[in-house]
Amino acid sequence: MATDHFPIEAGHIMLFARSIGDDNPIYHDADAAAGTEPGHVIPPPTFVQASAQFTDGYSLRPVVGEPWFGSGKEPTGVKRESSGGSGGTGFHAEQHYEYHAPIQPGDVLKAVDKPGNSWSREGRRGGTLQFNESITEYYNQDGVLVVTARSVGVQTSRVVE
Amino acid sequence: MPLSKANLSVGDQHSEQVVDNLTRTQIIQYAGASGDYNPLHTDEIFTTQVAGYPTVFAHGMLSMGLTGKMLTNYVGDGRLTNYGVRFVSQVWPGDSLTATATVEGIREEDGVNLVDLSVSTVNQDGAEVVKGTATARIDD
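These protein sequence lines are chains A and B, in that order.
Sequential numbering from 1 applies to the first sequence in our numbering.
Sequential numbering from 1001 applies to the second sequence in our numbering.
Note that these hints are calculated values from the structure, not bench results.
Accuracy of the hints is not assured; some may be wrong.
Okay, derived cross-link-like pairs now, DSBU-like style, lysine-lysine, Cα gap no bigger than 35 Å in a straight line [claimed, not checked]:
id, chain 1, residue 1, chain 2, residue 2
1, A, 114, A, 79
2, B, 1005, B, 1131
3, A, 114, B, 1131
4, B, 1131, A, 110
If you want the ones that stay clear, here's a sample from chain A, every Cβ over 12 Å from chain B, calculated [what the hints assert, rightly or not]:
id, residue
5, 4
6, 46
7, 49
8, 118
9, 119
10, 122
11, 128
12, 139
13, 143
14, 144
15, 148
Quick caveat: nothing in here was measured; it's all calculated off a predicted structure.
Just so it is clear, CB atoms sit at the ideal spot from N, CA and C, and this is done for glycine as well.
Can you build the whole structure from these sequences, using the hints too?
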């Protein structure tokens, strides 16, 4: 998920670690982290996914003043897309990370998207499956590549049984 | 404590329960922290009435994050060089997940000792939900 400005913040790392049920002090206690091999607070290995918070126009975050597809007065705030009316859903199929250099609070990352491959196949549970790969490179404020992420999304043609 | 080459063998395993009785609240915590607010994960009315699923379900990335906790506990902080997974099955509220790493290989690359791991996370019925691989730096 491309973004020019993904600030790595200690509080954000703490909340993310809590959400995955990880109470390792290296994620929330700077004093304890100073005595570890990295020597500072680090994020959990899947943290860069939270760059979504800083991606302009990210489709899975409500936008002020625009209808949201989750429920409010009605079960959904938007009319269903006529093209996707058979119950199909987009899912995350695969996620891969390569870790090149450490990340710590105070860093400001830049995430650059690169195109990946696309392919389709017949699935057993969700009808025709359309796969789309995307590659995101995360660079720190010094221009150092810190993480490469490869994500594969799948669009099903009907509800997965 | 990081792993050391001297004490590792192919076939060694490390296993941890990474969540017991996954709550909808934890899924909401993950949505808030990660920024993925897809209502399929948090909004029961949308998920059952519009999307057609029996209830909300966890983000794949929450399963990967939970599995990653087992990995970092095993290999040590800041030691992973690669971590990748395929999301095999959905994870539902109430699920309890156990994640396992198995040593598949021990090698040296550019003077650095590495361990290659296969990773598998199963639910309380033994069904695999996450399958993947990881590589970590290890000591001599």
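Hint check results:
no. : hint               : result
1   : 114/A with 79/A    : holds, 32 Å
2   : 1005/B with 1131/B : holds, 24 Å
3   : 114/A with 1131/B  : holds, 25 Å
4   : 1131/B with 110/A  : holds, 29 Å
5   : 4                  : holds, 16 Å
6   : 46                 : violated, 5 Å
7   : 49                 : violated, 5 Å
8   : 118                : holds, 17 Å
9   : 119                : holds, 15 Å
10  : 122                : holds, 18 Å
11  : 128                : holds, 17 Å
12  : 139                : holds, 18 Å
13  : 143                : holds, 20 Å
14  : 144                : holds, 15 Å
15  : 148                : violated, 10 Å
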